[in-house]
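Build the full structure now, drawing on both the sequences and the hints.
Residue numbers (this note's numbering), protein chains in the order written: chain A, 1 to 134; chain B, 1001 to 1102; chain C, 2001 to 2130.
In short, the hints are calculated from the structure, not lab data.
Keep in mind that a hint or two might mislead.
As the list claims (entries may be wrong) - Lysine to aspartate or glutamate pairs mimicking DMTMM-like chemistry, simulated, CA-CA at most 20 Å apart:
hint : chain 1 : residue 1 : chain 2 : residue 2
1    : A       : LYS5      : A       : GLU92
2    : A       : LYS5      : B       : ASP1096
3    : B       : LYS1081   : B       : ASP1042
4    : C       : LYS2030   : B       : ASP1094
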Amino acid sequence: MATKKFMYVNRKAPYGTVYALESLEVVLIAAAFEQDVSLAFIDDGVYQIAKGQNTDGIGMKNFSATYNALGDYEINKLYVEKESLEERGLTEDDLMPIMWEDEDDDWAEKPSIRIVSRAEMANVLADQDVHYSF
Amino acid sequence: MAMLHIVNKSPFERNAFKSCLDHAVAGDSILMIEDAAVGAVDGTVFADDLKAAMTDKSVYVLGGDLAARGMSEDRMIDGIKVVDYAGFVDLTADNDKTQSWV
Amino acid sequence: MKYTVMVNEGPYQHQSADSALQFVRAALAKGHEIFRVFFYHDGVNNGTRLAVPPKDDRLLQQEWSDLAKEHDLDLVICIAAAQRRGLMDADEAKRQGLDADNIIEGFRISGLGQLIEGSIQSDRTIVFGD
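Structural data, given as structure tokens:
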């Protein structure tokens, strides 16, 4: 099968709606298809990978740890928009340190998160073949 | 490799439309459907943003959605093209890919 | 041109379910191929056979079902999303030990891989959602 560039566009905060969780479920399945997978976190989507998520008070399952498992599925292109962080008073330090192990570099741990400007994000989006929006 | 951006949110309620304008690149097309159709009207607080985007992008509105919301085509910003569902399909075929700003 | 269409919202709640149906009809009328329609999130509710809207309203589930019959469409309901929301075909209901199934004719239940495969096979993927 031909390889396509799949982009998962995440623009919504987790828990308020099911989109973040069910987007992640698609991403995990997608890993089995050996396509070129990227995730974009834009607008409120940046809250999906905020660190310190605690759902004890809302009776819902905290699924944030799953983002840390993406590296095991060779999904390591998580584009996060700088302006979206700044507009929400956040910096990269507020995000989970999501890592992957580079098989070709003696399993060195490398960050999956790539902070990009809005203009860079536009170009990243333009470079994809399939856009799933959640 | 032009992209069709499909927007379905009113620019007065959520930031999806604004976000779309911020991420569309020159040569792309933008189609307003569902509640986004109201964004086609001139003289709104959003009109200048859309006009700015129209300098290097093509903007379309699904006519049925505009009419359903009681907005006549003569109130639209000049240069916006009205399409029906057949025209919507043509836009998806003429562009290399689509992104929905849900 | 070959299309995969993703429908992420339920009927009546959100116009995107109507928009998707209109889009698919228009694409078929233009001679395009609809490779697959994949129903996800609340979109799975487009596949229930137990909806009874008021007589003067459209019956979206039936319209999908009729369209599928007419054009031999592949309408796929995501199993994970369906299980959360109580959409069951006969096999799945039996497997889960449930006393009823509720999928309308023309739809089938399958995994998320069907979405990815659809997008790989198709020239275009169009998402309808909220």
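query = For which of the previously enumerated hints does the structure constitute a violation, in increasing order of number?
reply = 1
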